[in-house]
Amino acid sequence: MRQDVRIVIIGGGPAGLAAAAAAAEQGVPVGDILIIERDDKLGGILNQCIHNGFGLHTFREELTGPEYAQRYIDLVEKDEIPYLLNTIVVDISKSKEAAPCGGHAGAAKNASRGYKTVTAMNSTDGMIQIRAEAVILAMGCRERPRGALNIPGYRPAGIYTAGTAQRFVNIEGRMPGREVVILGSGDIGLIMARRMTLEGAKVKVVAELMPYSGGLKRNIVQCLDDFGIPLKLSHTVVDIRGRDRVEGVTIAEVGPDRKPIPGTEEYYSCDTLLLSCGLIPENELSDGLGVGMNPVTNGPKVNESLETDVPGVFACGNVLHVHDLVDYVSEEATAAGACAARYVLEEETGAAGKQETGAADKPVTITATDGVRYTVPVSIHVDRMQETQRIRFRVGAVYRDAAIEVDFDGRPFRTWKKRIMAPGEMEQVILTKKDLAAAKGLRNITIRVVQGG
Amino acid sequence: MSEEKRNLTCIRCPMGCQITVTLESGEVRAVEGNSCPRGDEYARNEVTHPVRTVTSTVRVRKGSLPVVSVKTQTDIPKDRIFDVMRDINSVTVTAPVHIGDVLMENIAGTGVALVATRDVPAA
Amino acid sequence: MYDVLIIGAGVTGCAVARELSRYRLRTAVLERGSDVCEGTSKANSGIAHAGYDAKPGSWKARMNVAGSKMMEALSRELSFPYERNGSLVLAFSEEDRQTLEALAAQGRENGVEGLTVISGDAARQKEPNLSPDVVCALWAPTGGIVDPFLLTIALAENAKANGVEFFLNTEVLSISQTTGESGHYYVITTKAADGSEQRWETRAVVNAAGVHADVFHNMVSEDKIHIVARKGEYLLMDKKTKGFVHSTIFQCPTKMGKGVLVTPTLHGNLLIGPTAVDVEDKEAVNTTEQGLSEVLRKAGLFARQLPTRQVITSFAGLRAHEDGSDFILGEPEDAENFYDAAGIESPGLTSAPAIGAHLSGLIAEKLRAVANETFDGHREGIPCVATATEEEREALVRRNPLYANVVCRCELVTEGEIVDAIRRPVGARTLDGIKRRVRAGMGRCQAGFCTPRQVEILARELGVEQGEITKHGRGSELLVGYTKNVQDTPHAVEERTHAAAVTGAAGAVDSRDEVCGEGGNHAANAACSTGETVCRKDSEQFGGKFGANREGDA
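Chains as they are written, first to last, in this note's numbering: chain Y, 1 to 453; chain U, 454 to 576; chain S, 577 to 1130.
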């Protein structure tokens, strides 16, 4: 099967759905948009996140994951935006040849731009080739497996990432175990502690390597405290026992170097070890396309338009950087969808050859430092930015009564007081176009944590 | 006069404000540390009559999936969570199930309905 | 009565089985595990050694060099991945250089071709990531890498196709000579179906029991042997490390002990290890903190910037080290028709084809076996969508749309390949079995995403309930029951009936196939009871347990 579209969106989870809806909203004909989803249903991982707490920002109400996903699925269905299910993208490549888009007015004008070829497959259409002017990367992330954590011990059945267990319990109605130890206090791990408890399992302990939890406060309160499940900070699993099925794990305290302290070992008998030790953006396709990556986020480096360093390739959601709340994913993806729409529509309206001449307009770079681990975006073209620009980031430690300071070319521009900042929660600052335009010759913006404010 | 201080983490939003509630003979005297009125409300409720939304799944017969995700339509008293789960575990519904369908009217006598949070078409 | 019973379905046992299938002999392989390739054969370096390591004249030297020479043709005949990527032994001092020269001389005496000692710069030219401290290196162009799983599985499949019977989940408990005709043996095993004891009679026994080979040898011979389990721990890295090194890189053995190796795998991963620690427990395949750090530390000496952040998994294997440090092959003097393949440690993988040929030759002669005219040594591999060209993919998908249904996204493994792995002779019955055959779950997410899907496919193909699916055999069940505090639900019945209906499970998996072991029995059960008995039992349970259930108003 071969098809030409203007925007192809890789991934039909919350990011892909919001991006598609936004692109349609901006005026891209729906027939020129295509969502490619690997699962048998739109909605992505939200379908198995049956707990509540989604959508407080977006809809001002507390929804469960499937309900939140359905809101966006409804948008896509209402607009009749085409999508492919059970379809896996195996490759994205760029071509210097003219963009195809046969019947479109813009096609000829876009001749200089080149298009991207997306190769996919499914059991209905077989091998599929899609050519598109713009690609929105919205593939999400995966969980860090046991192997990547170098946990010593046996390799029995009963070791699952929290997300795998979540799928078994919530979608398949199966119990992966009855006596559970959880390593890592990421949100999925906390949620699964409660979920397994409600289904009759005994969750004995949650061990967290770091001296703070990577999960949201509300999850610690409602998923652990409510059920009296202990959370052991600065602890890790040092041994897994059981040849066939997990029989128990040994947990030890770790020092400031995160190495186990001899003599602190404690044995827990259990049949299941769940891992919630971090999420990794799934950027194998982006790598193949040659997109420049940020080693901190493991996601693409993007500019104000959420466009990667490959023109016409945008990224949003957990493939860009791991989010704490889906509301922010939707917001970011809406922006990415709108930017991709502008990218493909610009030539038609003749509004801006700017995307190509953009090189002349040197972007302002953004540097994360002093406790700020990264920023999204990493650069801003002032002339292309919207009236306001959100800059999202995470901090590397827990800070109390500190502030976020933004410097323009080394001079303090503004500070925001923060009562508490933690690595588990995403932070943001909003800059205006007015501010940036006023700072003539601005080259670099620095974002840092200032302590003791 | 017995004065008691209780420390809570507010969960009304991701801010996670650390709130201290001062109780005198079981009466709330002061709420500190919250940054919005919702925090105050949360803290007062949490120390007097804490509530939770329960989410789980209900067995489905003849569906494309064996279970459908559900939630209590509104919060239920926190100390009734396991009663609610017992009721949830006892229900079996027959596909198709639609998002928003009420699967039980008055779960565990709480007066709260149990609703489906997704579609499960017939197999 | 069997002609030959082979104990152990590792690479050695399977190689002997496949070579014996060239003769008209009734041969069976008895395997304790739930699959072939469950012991030492599944956890090793995957190296086809050139053959310079072993003492000239030893079994190790002879079998290694012979096996190395057989490997390429065999890989084409049986379709398993093998590549002569060459190997380098690194020297970090002038003292080491002499060791290398000695190794080269030893290798030449063993009959290894093309050995040369090259300068450090020449080595770095071949491998730019090598440490600047490398003084010189031994280059062995005939060194290679092989997929140890697929080598073993290919041998087993081909043996089976040529008439060898495989009995899995069948543990040998004892061996004794029959009282009657001299030279026959009784072998007592557990029965796959129920674990009860079963007695087999055979004209000859092949002892290919890995770390346990001494136990069986000592049951029949007074010339006792002793095997210690020598643990080797490894770390495997993401395919993103592809190209970090091209050849297999060893460290020169020094007074400080043996180093570790760094090698690409045939699938583009980087493998580092092993350690070498003798352990008491012959089942102790656990990794240890010390072992893994030792591997990382030692491997770090080789190269600038070893990509240690790319580790996706670690594992440990046990080598069968015999006190005499050589392979023990053939009949002990006091136990006629009992053929040892004992003490098979490195270079056992490389030697396997040669050991197979050697022992089968001895056995055939002794039993006066005649050639099996119907023997077909050719085996077609399972298609690999990940490495197929665009045209090949098109063709595969046209043949069977399941080849476009990706289950494991990290390794790009399709439902079609997984179904093939299950339906093969000596097919996969476990998650690990699928992984070793078609690499599903072998990638960077380590089966996080595809486990539920694989469980579903296995259950459907085998005609069993999902709860019966295991990681690597009995006791390693992946699921413990259902949510809602119930062990079994009415859905189980529907699911079973459904599974049998959609795939014709009985047809898909030959339920009479003895090779199936556990899985086969389940398939047979499902096939003959696709409703009646199972349903009745479950509906009783339903009535009793859930009779009070309310119907929702959906």
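Hints were generated in silico from the structure; no laboratory data involved. Among these hints, one or two may not hold up.
Capping the alpha-carbon separation at 20 Å, the derived lysine to aspartate or glutamate pairs in DMTMM-like fashion look like this [to be verified]: (1) K458(U) x D226(Y); (2) K818(S) x D91(Y); (3) K515(U) x E1041(S).
Since this is a predicted model, take the numbers as computed values, not measurements.
(message) Next pair to validate is K515(U) with E1041(S); report whether the Cα-Cα distance is within 20 Å.
(response) The given pair, whose Cα atoms are some 17 Å apart, holds under the 20 Å limit.
(message) K458(U) and D226(Y) were given as a pair; does the straight-line alpha-carbon distance stay at or below 20 Å?
(response) holds, 19 Å
(request) Measure nothing beyond the straight line between the CA atoms of K818(S) and D91(Y); if it is 20 Å or shorter, mark the hint as holding. (result) holds, 18 Å
Comparing the model with each numbered hint stated earlier shows that all of them hold.
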